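Chains as they are written, first to last, in the numbering used here: chain A, 1 to 352; chain B, 1 to 352.
No wet-lab data here; the hints were simulated from the structure. Predicted model only: the values in this text are computed from it and were never measured. Note that the Cβ used here is the ideal one computed from N, Cα and C, for glycine as well. Hints may contain errors.
Here's a subset of chain A near chain B, in silico, CB distances under 7 Å, partners left out [said to hold, decoys possible]:
hint, residue
1, TYR8
2, VAL14
3, ASP15
4, SER55
5, ASP69
6, GLU71
7, THR72
8, MET85
9, ALA86
10, ILE107
11, ALA173
12, VAL342
Chain residues, written in single-letter form:
2 protein chains.
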Amino acid sequence: MQPSALAYVPFVSVDDMMKLVNGIGVADMIAGIADEIEADYRRWPEFDKTPRVPSHSEEGVIELMPTSDGETYGFKYVNGHPANMARGYQTVTAFGLLARVDTGYPILLSEMTILTALRTAAMSVVAARHLAPKGSKTLAIIGNGAQCEFQALGFQRCLGIETVRLYDIDARATAKAAANLAASGLNVIKCTTAEEVVQGAEIITTCTADKQYATILTDNMVGAGVHLNAIGGDCPGKTELHKDILLRSDIFVEYPPQTRIEGEIQQLDEDHPVTELWQVITGQATGRTDARQITLFDSVGFATEDFSALRYVHQRLEDMGHYAQLDMIADPDDPRDLFGMVMRAAPVEGAA
Amino acid sequence: MQPSALAYVPFVSVDDMMKLVNGIGVADMIAGIADEIEADYRRWPEFDKTPRVPSHSEEGVIELMPTSDGETYGFKYVNGHPANMARGYQTVTAFGLLARVDTGYPILLSEMTILTALRTAAMSVVAARHLAPKGSKTLAIIGNGAQCEFQALGFQRCLGIETVRLYDIDARATAKAAANLAASGLNVIKCTTAEEVVQGAEIITTCTADKQYATILTDNMVGAGVHLNAIGGDCPGKTELHKDILLRSDIFVEYPPQTRIEGEIQQLDEDHPVTELWQVITGQATGRTDARQITLFDSVGFATEDFSALRYVHQRLEDMGHYAQLDMIADPDDPRDLFGMVMRAAPVEGAA
């Protein structure tokens with residue numbers, strides 16, 4: 001136990017995170033995070049599940065998302081500001097922290113804007129493993145913004161998807177995503193309508209960004225047997241699916257108290273039956289039971305998933321080496337002598 | 001609006017904070033923070049006052065303390081682990097963040113272990129300005145740990161205290177504090193009992209650290225006209241004053257919903273009358289009204305005070321220059337092309 005080392009907290013900057021992602025590979029990193037998420041979902045009852053702590057304003061929301069498994073504590077800071085994009089800012093930015101529960105000392109500070117995109121793809125993959133039709137080969141992605149490519153590569157790597165069909169109301173977003181996926185080995189098909197993009201897709205991911213009640217998919221567009229992965233509806237007032245689709249679907253959620261406020265199911269009655277995904281993963285509930293069933297993963301993002309992603313990053317710190325040491329914790333030789341520590345740091349002429 | 005500059009968040013490390021404190025001077029910095037706190041207390045209703053978000057464990061607690069004034073959002077991360085000291089760790093460590101409400105982008109990340117000691121002294125000073133007997137010259141400090149010297153210098157600078165009487169159950173702590181204050185110009189008197197230390201003191205500060213119901217002061221030790229500044233009782237199960245003292249005092253608090261759980265008044269009935277300090281500062285309630293009155297500031301530390309302290313640090317960033325730029329916010333040229341930004345950071349051979 002070396003007190004001087006206690007002052008430092010490993011910090012993964014945006015630059016470090018990009019090096020980490022490129023060093024591991026996007027798809028492999030999504031797969032690794034998916035395994036962490038699934039492992040943590042298997043021990044779901046061990047987690048301290050606090051609802052998000054939001055601070056709302058006219059322009060958006062800033063949220064803290066804490067959780068703990070009794071050994072490690074984690075939280076994510078995340079903002080959501082729909083008007084940011086027009087001003088040249090990111091709609092969503094995030095950073096996160098892990099700490100030891102036994103001492104309260106932080107052990108990791110990390111950017112999470114990039115990491116959240118990877119964990120969202122990883123979460124989608126975990127749900128689809130349990131809910132999508134076996135042998136699915138075609139994924140449709142509606143909304144070709146910041147999440148799109150991560151979803152495509154995650155499903156390719158972890159579910160064996162071969163074809164990705166893309167659609168966005170802005171054709172430039174579709175062109176951007178298609179170009180980014182050109183070297184992926186995926187068969188990429190650019191579509192110009194929502195009706196076209198869903199043709200032949202066993203899995204449909206919706207990841208649009210509008211903060212309003214939108215209807216990205218209408219009822220007649222969703223055929224029997226499809227798995228819907230709805231990740232864009234993630235705050236009050238923001239949904240993507242027509243209510244009639246929800247009524248025809250078996251709905252799976254992360255954490256009902258949060259999803260009923262933030263997810264697609266905010267459109268339904270408070271007691272509309274939903275299944276908690278962790279119970280499917282642990283075998284306490286059934287997932288997909290027949291080929292004509294429509295399954296809907298109504299995903300809003302939960303604190304444990306960020307925790308899993310941060311733990312994955314923490315595990316890869318030493319072998320990948322992309323981090324800096326931040327001098328963040330005051331560590332006097334004598335814990336009662338904080339004042340003396342500050343004074344001894346002064347230039348020789350003295351202080352006070 | 002330069003997108004590339006948006007990626008950076010100013011970071012004040014422990015080393016930077018020590019340079020800042022020594023550059024400004026401890027007493028002047030406490031005075032500056034006290035002015036910020038008082039200014040923010042004057043506009044108290046403007047603040048979004050969220051209760052702390054705690055994560056409890058057997059060993060201690062990790063808390064997030066968020067607040068917002070509608071323009072700026074802030075939170076503090078703070079742990080409290082009483083067993084840490086025996087293991088060579090700090091009992092309490094902290095860091096904090098400020099962000100713009102309109103964009104959600106962080107504008108300051110700072111160590112707060114040292115800063116919290118300064119803001120606690122600054123808060124004590126603000127309360128004493130309104131509650132202590134006019135012309136107070138003698139301060140008694142019971143508990144000579146990490147807070148002690150900051151309290152002494154804050155009261156010297158802001159209230160004109162000339163004599164500080166020190167007592168701790170551990171005489172080494174008293175010796176440490178006396179040595180640290182030797183060059184301060186204060187008349188420092190080391191005492192060996194609690195009965196002795198309170199002799200002639202117009203202001204008594206209690207800042208002991210035990211997490212248990214303790215009785216640092218008993219009823220017969222507190223004479224008429226004294227101002228009590230109780231800062232050590234700050235969590236459930238941790239108090240410092242005998243209940244009879246509370247019953248003889250006029251009690252002033254920061255934020256009643258928090259103080260009734262964490263402060264000395266957890267010993268009293270839920271409806272025991274207390275006065276909110278912000279109302280005294282704004283003139284909506286009376287503070288000290290006569291010379292024989294015992295006033296008690298039952299201080300537990302509130303999120304707005306950390307906010308005020310962080311804002312003070314933020315204001316002094318540029319003229320003092322003690323900070324680093326952290327690459328914490330992913331900032332793609334095209335906000336929809338997060339994936340492309342990550343890929344373009346890869347070595348030339350490509351990725352995905």
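Of all the hints given earlier, name the ones this structure violates by number, lowest first. Hints 1, 5, 6, 7, 9, 10 not satisfied by this model.
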